[in-house]
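Participant: Given these sequences and hints, build the entire structure.
2 protein chains.
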Amino acid sequence: MGVGNIRVIDVKEGILADNDLRAEQLRERLRTQSTFLLNLMASPGAGKTSLILRTIGALKDEFRLGVLEADIESVVDSEKVATTGTPVIQLRTGGFCHLDAFMVEEGLSAMDVDALDCIIVENVGNLVCPAEFDTGAVKKAVILSVPEGDDKPLKYPLIFTVCDVVVVNKVDYLEGSDFDMRKFRERVLKLNPSAEIIEVSCKTGQGIDAWTSWLRKEIKSLLNDRL
Amino acid sequence: MGVGNIRVIDVKEGILADNDLRAEQLRERLRTQSTFLLNLMASPGAGKTSLILRTIGALKDEFRLGVLEADIESVVDSEKVATTGTPVIQLRTGGFCHLDAFMVEEGLSAMDVDALDCIIVENVGNLVCPAEFDTGAVKKAVILSVPEGDDKPLKYPLIFTVCDVVVVNKVDYLEGSDFDMRKFRERVLKLNPSAEIIEVSCKTGQGIDAWTSWLRKEIKSLLNDRL
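If you read the protein sequences in the order shown, they are chains C and U. Sequential numbering of the first sequence, starting at 214, is according to this note's numbering. Sequential numbering of the second sequence, starting at 214, is according to this note's numbering.
No lab work stands behind these hints: they were computed from the structure. Remember, it's a predicted structure, so these values are computed and weren't measured experimentally. Worth double-checking, as some hints may not be accurate.
Intra- or inter-copy, both count: the list cannot distinguish identical chains.
Straight-line alpha carbon distances no greater than 25 Å define the calculated SDA-like cross-link-like pairs of lysine to any residue that follow [what the hints assert, rightly or not]: (1) Lys416 x Glu388; (2) Lys273 x Asp231; (3) Lys403 x Gly307; (4) Lys273 x Ala295.
Facilitator: This is the structure in structure tokens:
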């Protein structure tokens with residue numbers, strides 16, 4: 214079904230035991246097709262859609278981008294992405310708190326994947342459930358926004374352990390905040406010593422270059438694997 | 214088991230079908246014991262623990278308070294509450310993204326419930342799963358912090374529909390933010406016309422009086438029911 218210009222797909226959960234295998238197969242298929250899939254996770258309001266919009270702005274002339282938006286309800290995020298002209302599909306999870314590989318595959322089946330270099334999956338806003346499910350993505354990013362506090366790696370360790378990169382958003386809120394960046398970095402690196410940590414403000418644009426450099430390198434690395 | 218001074222209980226999920234019945238029984242038992250149970254829900258970092266600390270500060274001489282802290286991992290919130298001298302139990306959900314009535318009951322079994330007027334349950338940080346499970350609480354509060362954005366009722370409608378009160382925290386961030394309080398209120402009231410909406414800043418103390426007035430009225434209403 215569609216809402217306005219947005220294609221909306223209602224997805225159901227796959228069988229958990231089969232998910233890891235399905236995710237592995239999906240990742241391999243995408244590698245063969247030279248399409249980089251990024252799983253973007255965060256709390257509600259941490260800035261997932263804002264980071265996607267900044268990424269589109271910075272990389273749209275360099276790569277062919279697509280977006281899979283997941284939400285319990287509503288198409289507000291897809292509508293924002295659609296205004297950029299980027300292909301976007303809305304996955305409606307109808308209460309599920311995460312995406313799995315089956316849901317992502319269903320979303321991708323509605324996109325011209327072969328014609329895209331990079332697809333960003335905006336997972337459901339949640340620091341708990343998305344961490345537990347392999348979506349088939351090549352890389353996993355988590356956004357933590359400054360107002361959420363520097364103690365989140367202590368409280369939601371899994372998501373900071375399984376991710377490849379942590380984007381600290383809303384650094385424009387650092388002034389006057391008690392967020393301790395040094396402590397935050399230590400807590401992340403204790404869980405995940407190889408994690409990249411990138412500080413940005415999607416509002417002001419600060420640090421977006423560092424983020425898009427990371428993403429560019431990862432996309433090119435996948436494309437080069439295929440050459 | 215314990216971590217420092219904090220009693221920690223590892224909880225498991227009850228059978229979903231039985232949860233509603235169990236929650237109803239728990240609510241009735243607490244009513245008989247004149248103990249008010251508040252289910253406090255929010256995203257990670259919205260300010261659940263800060264609101265609990267403010268509430269303790271304001272009401273500790275008036276009511277006998279207790280706190281049930283739920284977390285996937287870690288006891289950082291309990292430790293903060295314990296410094297106030299308030300009885301606190303840490304529930305460790307080991308990956309579950311919500312509390313149910315069975316878990317709350319297990320936590321309460323470790324407290325002297327009869328000796329308490331009000332127990333605040335800090336649910337797991339998440340706008341999705343906690344909304345779906347009746348914990349046996351008399352009232353449900355959800356905190357939405359300004360940096361999360363005014364569109365959250367569109368994206369997580371269930372939690373704003375089932376709650377009795379919405380606390381908008383971090384109003385000190387309103388200046389320079391694009392958070393539209395009028396739109397936010399409209400969105401909440403469209404889902405839940407009888408919801409109370411209270412604006413606070415746990416940081417500055419602004420609005421805390423309005424919050425504690427609401428809570429005082431609700432606790433007294435339960436106590437009066439028993440007279």
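Participant: If you check each hint against the structure, which ones fail?
Facilitator: Number 2 - this is the single hint that the structure violates.
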